[in-house]
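Participant: Spelled out, the chains give:
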Amino acid sequence: MATRGSSSAIGDPLVISERETRDAPPHRIGLWHVGVVVSTHTETPTGRSIVLDVPGWGGNLAGQHADVRLTASDGYQAVRSYSIASAGDSDRVELAVDRFPTGEVSPYLVDDLLPGDELELRGPLGGWFVWKPTQTESVQLIGGGSGIVPLVAMIRSHTDSASTAPFRLLYSVRTSDDAFFRSELERPTPHLDVTWLYTRRVPHGWPRPAARISLADLAASAFASSLSPAVFVCGPTGFVETVATDLVALGHDPQRVKTERFGGA
Amino acid sequence: MAVISRGFTGRSREHTPELPPGQYLTKDFPVLSAGPTPDIATADWSFSIRTDDATLHSWSWDELHTLPIEDIATDIHCVTRWSKFGTSWRGVSLDTLFAGVETSDEYVMAHSYGGYTTNLPLQDLLGGKAWVAFEFEGEPLDPEHGGPARLLIPHLYFWKSAKWIRSLEMMSSDEPGFWEQNGYNMYGDPWLEQRYW
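Residue numbers (our numbering), protein chains in the order written: chain L, 8 to 272; chain R, 474 to 670.
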């Protein structure tokens, strides 16, 4: 059976060391870059976006992620991965982070980090959940909550490259206050169609009652499987499980449905 | 030299020697999958080992369960940085499954239902280090965690413990599997932090 991935060398971190041990093949360790926070923006009651200048970053593909490292004054370190909301060749990187209440890194990034602070990043990482401007097929994006972040990178890459590939986004949020990048996503964008789904409270006069995303929502608003769209699904595990299973039930080829799940940490 | 993060204190510095570098403990069981969860009935399930001379060693679900079943208690470590201590599994040792297999090849490609692949040195599958597991914490393995059966190779990062395992194919040289083509390390030793390329 063929593997699903391509073998392209995207996302190869810069190599600073390569060593062999008796038991293991050679491996490589990526370089840490020091970024400076340019600005932060409150996106939701629990989440914010963070724009950084990261000299030497060298750009990333839409959908990739970065390791973020925090270091305490006694040398203690904590590292977590975050999806990147930006894409392209620039050394300017935008992250968007949702605060996980018992988390160790996300509360710092959402509540404490200030413009001018330095932050260490490594990456870009991941070569699977990515969209490239050379792709011409229809693209269906389906995001839940902060799972929108890599999908926004794809939308931005689509716009920046003047791609005419038809894009659709289904974005499921609890309430309108819980949407990341709301104003950007509400702006009309060529070749992009956005459907909002609310799970807890709908805006006044909204036709669809508040409910979790269902097979009927996908049938009504997503590209049909007959178009063989590339599908990207990102969100909490339960959301992704439901959506991916329903997409397969609607005839989508599982090989064309790429998923990324946010665990509980 | 690392940059000090202004105002960051982090969690307690309690030393946990069982925790590989860069990992944190979780009590959850997060899910990492690249695509939809395949739906595989045990009646349709089989597991096979294929050697270079095209010999096929194959087991149905019922045949697998006639083999010696082991209880496994182990810590597991995911490349996305969570570790989970003291998990319990039941499954069949790959020593048992390889007992009748003759091969001179030193590498294995694991193939899963749904198309996932991951590469492994054969020696990492033998010697009481690896299983085909079908129970987790006393229950049948949940599909989103790899049920009906997955590889369990807890001394490597958990992406090597292929979910929805279907077959092992012997290889003369080490070829990258799915995540290994997409940015993850060829071997994946958590104690050496072999996460990425």
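Derived from the structure by calculation, the hints contain no laboratory data.
Using N, Cα and C, we set each Cβ at its ideal position, and we do this for glycine too.
Treat each hint with caution, since some may be false.
Pulled from the structure, derived: some chain R residues nowhere near chain L, Cβ distances all over 10 Å [to be verified]:
no.	residue
1	GLU491
2	SER506
3	ASP512
4	THR524
5	THR528
6	SER577
7	LEU599
Facing chain L, a subset of chain R residues (Cβ under 10 Å, in silico) [to be verified]:
no.	residue
8	LEU492
9	GLY495
10	VAL504
11	THR510
12	ARG554
13	PHE558
14	ARG563
15	PRO616
16	TRP652
Label-pair restraints from in silico Cβ distances [what the hints assert, rightly or not]:
no.	chain 1	residue 1	chain 2	residue 2	range
17	L	GLY245	R	SER577	52 to 60 Å
18	L	ARG215	R	HIS628	28 to 36 Å
19	R	GLY559	L	GLY212	49 to 57 Å
20	R	HIS628	L	PRO62	48 to 56 Å
21	R	HIS488	L	ALA169	52 to 60 Å
22	L	ASP200	R	PRO494	40 to 48 Å
23	R	HIS488	L	ALA231	34 to 42 Å
24	L	SER190	R	PRO613	41 to 49 Å
25	R	GLU491	L	HIS48	48 to 56 Å
26	L	PRO195	R	PRO494	24 to 32 Å
27	L	SER168	R	GLY573	40 to 48 Å
Participant: So, for every hint listed, does it hold in this structure?
Facilitator: Now the hints, each set against the structure:
For GLU491/R, the shortest C-beta to C-beta distance to chain L comes to about 18 Å, beyond the 10 Å cut-off, and the non-interface label holds. For SER506/R, the condition that its CB be more than 10 Å from all CB atoms of chain L is violated, with the nearest at approximately 6 Å. Residue placement check: ASP512/R does not keep its beta carbon more than 10 Å from all beta carbons of chain L (closest about 8 Å). For THR524/R, the condition that its CB be more than 10 Å from all CB atoms of chain L holds, with the nearest at approximately 17 Å.
Distance check on THR528/R: its Cβ is at least 18 Å (rounded) from any Cβ of chain L, clearing the 10 Å threshold; non-interface status holds. The claim that SER577/R lies off the interface holds: its Cβ sits roughly 19 Å from the closest Cβ of chain L, which is beyond the 10 Å cut-off. Taking the minimum C-beta to C-beta distance to chain L, about 14 Å, the non-interface status of LEU599/R holds against the 10 Å cut. The interface hint given for LEU492/R is broken, as the beta carbon of that residue sits about 13 Å from the closest beta carbon of chain L, more than 10 Å.
Residue-level restraint check for GLY495/R holds (minimum Cβ-Cβ distance to chain L is 6 Å; threshold 10 Å). Here the hint on VAL504/R is kept, as its CB sits about 5 Å from the closest CB of chain L, short of 10 Å. Look at THR510/R: its Cβ gets to within about 6 Å of chain L, closer than 10 Å, so that hint holds up. Interface restraint check: ARG554/R against chain L, minimum CB-CB distance 7 Å, threshold 10 Å, status holds.
Given the 10 Å rule on beta carbons, the hint for PHE558/R is violated: about 14 Å separates it from the nearest Cβ of chain L. Violation of the interface hint for ARG563/R is found here, the shortest Cβ-Cβ separation to chain L being roughly 24 Å, above the 10 Å cut-off. Contact between PRO616/R and chain L, as hinted, is supported at the beta carbon level, the nearest pair being about 9 Å apart and thus within 10 Å. The beta carbon of TRP652/R comes within 8 Å of a beta carbon in chain L, closer than 10 Å, and the hint placing it at the interface holds.
The hinted range of 52 to 60 Å is not satisfied by GLY245/L and SER577/R, whose Cβ atoms lie roughly 46 Å apart. Checked against the hint of 28 to 36 Å, the C-beta distance between ARG215/L and HIS628/R comes to roughly 49 Å, which is inconsistent with it. A C-beta distance of roughly 52 Å is found between GLY559/R and GLY212/L, which places it inside the suggested range of 49 to 57 Å. The beta-carbon spacing between HIS628/R and PRO62/L, approximately 39 Å, falls outside the hinted interval of 48 to 56 Å.
A hinted range of 52 to 60 Å for the beta carbons of HIS488/R and ALA169/L is consistent with their spacing of about 54 Å. Against the hinted window of 40 to 48 Å, the Cβ-Cβ separation of ASP200/L and PRO494/R comes to about 45 Å, which satisfies the hint. The supplied range of 34 to 42 Å is broken by HIS488/R and ALA231/L, whose beta-carbon atoms lie about 55 Å from each other. Separation of SER190/L from PRO613/R is about 47 Å and conforms to the stated range, judged on CB atoms against 41 to 49 Å.
In this structure the supplied range 48 to 56 Å is violated for GLU491/R paired with HIS48/L, their Cβ-Cβ distance being about 40 Å. Under the hint 24 to 32 Å, the C-beta atoms of PRO195/L and PRO494/R, about 48 Å apart, miss the expected range. Judged by the Cβ atoms, the range 40 to 48 Å given for SER168/L and GLY573/R is violated: they are separated by roughly 55 Å.
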